[in-house]
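Undergrad: Here's the letter readout for the chains.
There are 2 protein chains.
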Amino acid sequence: MISVVILGAGNVATHLFKAFEKAENIVVNQWYNRSLKTIKPYKNKIEIIDDLALLNDADVYIIAVSDDAIAELSEQLPFENKLVVHTSGGVGVYDIDKKHKRGVFYPLQTFSKDAEMDFKSVPICIETIDKKDYHILKALAISIGSPTKKVNSDQRRVLHLAAVFVNNFTNQLYRIGHEITESEGAEFDLLKPLILETAKKVQELSPYMAQTGPAKRHDKKTIKKHLKILKNEQHKDIYKLLTKSIQNTHGTSTGSATNFEKNTHNGRKKL
Amino acid sequence: MISVVILGAGNVATHLFKAFEKAENIVVNQWYNRSLKTIKPYKNKIEIIDDLALLNDADVYIIAVSDDAIAELSEQLPFENKLVVHTSGGVGVYDIDKKHKRGVFYPLQTFSKDAEMDFKSVPICIETIDKKDYHILKALAISIGSPTKKVNSDQRRVLHLAAVFVNNFTNQLYRIGHEITESEGAEFDLLKPLILETAKKVQELSPYMAQTGPAKRHDKKTIKKHLKILKNEQHKDIYKLLTKSIQNTHGTSTGSATNFEKNTHNGRKKL
Ligand SMILES: NC(=O)c1ccc[n+]([C@@H]2O[C@H](COP(=O)([O-])OP(=O)(O)OC[C@H]3O[C@@H](n4cnc5c(N)ncnc54)[C@H](OP(=O)(O)O)[C@@H]3O)[C@@H](O)[C@H]2O)c1
Ligand SMILES: NC(=O)c1ccc[n+]([C@@H]2O[C@H](COP(=O)([O-])OP(=O)(O)OC[C@H]3O[C@@H](n4cnc5c(N)ncnc54)[C@H](OP(=O)(O)O)[C@@H]3O)[C@@H](O)[C@H]2O)c1
Numbered sequence: 000m001i002s003v004v005i006l007g008a009g010n011v012a013t014h015l016f017k018a019f020e021k022a023e024n025i026v027v028n029q030w031y032n033r034s035l036k037t038i039k040p041y042k043n044k045i046e047i048i049d050d051l052a053l054l055n056d057a058d059v060y061i062i063a064v065s066d067d068a069i070a071e072l073s074e075q076l077p078f079e080n081k082l083v084v085h086t087s088g089g090v091g092v093y094d095i096d097k098k099h100k101r102g103v104f105y106p107l108q109t110f111s112k113d114a115e116m117d118f119k120s121v122p123i124c125i126e127t128i129d130k131k132d133y134h135i136l137k138a139l140a141i142s143i144g145s146p147t148k149k150v151n152s153d154q155r156r157v158l159h160l161a162a163v164f165v166n167n168f169t170n171q172l173y174r175i176g177h178e179i180t181e182s183e184g185a186e187f188d189l190l191k192p193l194i195l196e197t198a199k200k201v202q203e204l205s206p207y208m209a210q211t212g213p214a215k216r217h218d219k220k221t222i223k224k225h226l227k228i229l230k231n232e233q234h235k236d237i238y239k240l241l242t243k244s245i246q247n248t249h250g251t252s253t254g255s256a257t258n259f260e261k262n263t264h265n266g267r268k269k270l
Numbered sequence: 000m001i002s003v004v005i006l007g008a009g010n011v012a013t014h015l016f017k018a019f020e021k022a023e024n025i026v027v028n029q030w031y032n033r034s035l036k037t038i039k040p041y042k043n044k045i046e047i048i049d050d051l052a053l054l055n056d057a058d059v060y061i062i063a064v065s066d067d068a069i070a071e072l073s074e075q076l077p078f079e080n081k082l083v084v085h086t087s088g089g090v091g092v093y094d095i096d097k098k099h100k101r102g103v104f105y106p107l108q109t110f111s112k113d114a115e116m117d118f119k120s121v122p123i124c125i126e127t128i129d130k131k132d133y134h135i136l137k138a139l140a141i142s143i144g145s146p147t148k149k150v151n152s153d154q155r156r157v158l159h160l161a162a163v164f165v166n167n168f169t170n171q172l173y174r175i176g177h178e179i180t181e182s183e184g185a186e187f188d189l190l191k192p193l194i195l196e197t198a199k200k201v202q203e204l205s206p207y208m209a210q211t212g213p214a215k216r217h218d219k220k221t222i223k224k225h226l227k228i229l230k231n232e233q234h235k236d237i238y239k240l241l242t243k244s245i246q247n248t249h250g251t252s253t254g255s256a257t258n259f260e261k262n263t264h265n266g267r268k269k270l
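Going down the list, the sequences are from chains E and D.
Residue numbering for the first sequence follows numbering that gives the first Met the number 0, beginning at 0 and increasing consecutively.
Residue numbering for the second sequence follows numbering that gives the first Met the number 0, beginning at 0 and increasing consecutively.
It is worth saying that the hints were derived from the structure and are not from the lab.
Hints are supplied without guarantee of correctness; some may be wrong.
Note that the list lumps identical chains together, so a pair holds whenever it fits in one copy or between two copies.
27 Å max Cα-Cα, derived BS3-like pairs, lysine-lysine [stated by the list, open to error]:
1) 149 to 130
2) 112 to 215
3) 224 to 17
4) 98 to 220
5) 36 to 239
6) 137 to 243
The structure displayed is predicted, hence computed values, not measured ones.
Work out the full structure: start from the sequences and follow the hints.
TA: Shown next as structure tokens:
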């Protein structure tokens with residue numbers, strides 16, 4: 000049995016609580032938030048507290064609060080030498096107060112409070128300062144069905160950065176697709192199956208192998224037509240920059256792939 | 000029964016042939032390609048030809064060849080006044096020779112030859128010059144299980160352009176995610192569930208509502224950190240431009256959404 004205390008009551012904390020509750024070998028001892036309001040609905044299932052002085056003993060303390068509040072909250076914890084982890088991709092493990100055993104339990108996924116989340120599709124990136132603390136975090140992740148990966152700080156940092164590209168920036172491209180289609184009274188809904196298929200394709204194939212379209216084909220006529228249709232200057236800039244980026248990746252028609260491409264363009268190669 | 004002749008043997012032609020073959024009320028009379036080699040494997044199922052002079056009568060002739068070859072091929076067809084359509088998002092309906100009844104049967108999806116494709120997730124955008132020709136194309140699409148949409152030329156043009164954003168450009172963002180993670184020996188595979196979830200989210204929620212992250216939050220500290228990690232100048236430019244684009248869409252922290260945002264940010268509104 001692994002005993003856990005959750006601190007914070009946002010998206011991540013709430014999803015973790017629900018997953019831990021279902022897991023057989025995890026017990027959540029207490030749930031802390033600075034204000035009780037958000038966690039009141041759970042008061043029959045779990046001891047809820049808003050006073051750090053009431054914290055009891057547990058194997059792991061999970062700080063799932065806003066990035067900026069992690070350091071301070073860890074400092075305020077009224078004990079030492081216990082395992083305290085945060086759940087952030089962008090905050091250092093050393094930002095946790097040094098009186099604790101320290102680690103990171105970073106779920107590489109996008110959470111919304113109301114949407115259900117199956118932790119099978121939430122890879123947990125684990126980092127600990129002391130090797131010995133790794134195994135309990137791994138066991139915790141496995142108990143909720145998550146794939147796990149041991150990462151160092153540099154790796155976690157680039158994963159968090161890459162997540163911005165494939166999540167936030169991709170979502171903004173969807174948004175631009177929305178604006179463009181609606182501008183002519185066409186339906187964004189028509190693009191939804193394509194959006195899904197594009198994401199599914201790279202589950203099997205590398206993005207390098209999956210690429211198609213006018214940029215890759217150096218189809219100047221179509222590119223020119225598209226730039227003429229775009230009225231928003233920023234959309235034009237994005238079109239040009241991403242077209243150039245695709246052409247850099249795939250080389251000219253005469254072929255000039257960089258080493259990275261040569262090494263990674265194999266379709267189903269496990270990376 | 001609708002009788003069809005397919006011209007061309009690439010990705011689209013092949014997927015259409017397979018779907019038509021399964022449909023109850025469609026019969027494919029002949030399959031033409033300039034070279035027989037690609038369609039040889041189908042010769043027991045269907046009459047294959049490489050000579051336009053051998054073409055027989057049919058209700059619809061579907062030209063699914065490279066964009067640049069559509070006009071010429073339509074001109075070479077040895078008959079007139081029959082319904083001839085192409086399958087391109089980027090080619091005008093008037094590019095088909097005017098001796099024919101003309102239309103477009105544009106599948107808004109990304110096809111690869113070896114991957115299976117369920118036409119339920121292939122919206123067919125239909126355009127015809129003569130209203131009377133619309134219904135047979137709609138019946139054709141319905142027979143293979145596709146959702147259909149009547150579009151005009153301007154709408155088809157912007158759908159094709161938007162498809163470049165949500166398919167080719169999005170895929171390039173995946174590619175950049177791949178490069179960034181591998182540069183630190185982190186695994187791109189860890190990002191795959193996030194990629195899928197990002198695409199799934201906008202099936203229900205508008206991209207406006209689905210947005211999160213440092214750009215939207217105007218989290219200057221994280222943005223600065225990320226720009227410092229990025230070594231590739233082009234990746235930096237893409238990061239900056241898409242961050243600015245997100246901030247334009249979502250306004251400053253004091254809030255300044257444009258009319259488009261006000262009208263379209265409702266979560267589940269059917270667009
Ligand atoms: N959301 C995601 O998709 C996601 C994914 C991976 C990792 N993460 C990481 O997980 C952590 C939590 O993110 P989230 O999205 O769950 O956040 P969130 O939904 O915005 O919730 C933030 C939580 O932090 C608490 N909080 C904020 N400032 C505080 C302070 N000064 N002192 C004490 N508590 C404070 C809030 O308390 P109140 O309820 O009282 O306001 C709330 O419970 C962050 O480190 C984030 O980087 C998030
Ligand atoms: N692929 C997609 O995801 C997709 C999606 C929606 C719409 N479309 C549209 O569908 C059409 C076909 O695309 P595709 O991807 O199926 O193409 P593709 O796989 O590249 O195949 C092209 C086909 O066109 C033939 N062809 C090329 N030049 C020709 C010429 N000068 N004369 C006669 N035939 C010629 C080729 O014949 P050989 O076999 O002899 O080379 C081949 O059968 C295009 O208009 C495209 O814009 C494609």
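Undergrad: Hint by hint, note whether the structure agrees.
TA: Status of each hint after checking the structure:
{"no.": "1", "hint": "149 to 130", "in the structure": "within (10 Å within a copy, 61 Å between copies)"}
{"no.": "2", "hint": "112 to 215", "in the structure": "between (39 Å within a copy, 18 Å between copies)"}
{"no.": "3", "hint": "224 to 17", "in the structure": "neither (51 Å within a copy, 32 Å between copies)"}
{"no.": "4", "hint": "98 to 220", "in the structure": "between (63 Å within a copy, 26 Å between copies)"}
{"no.": "5", "hint": "36 to 239", "in the structure": "neither (48 Å within a copy, 38 Å between copies)"}
{"no.": "6", "hint": "137 to 243", "in the structure": "neither (42 Å within a copy, 38 Å between copies)"}
Checked against the numbered hints given earlier, the structure breaks hints 3, 5, 6 and satisfies all the rest.
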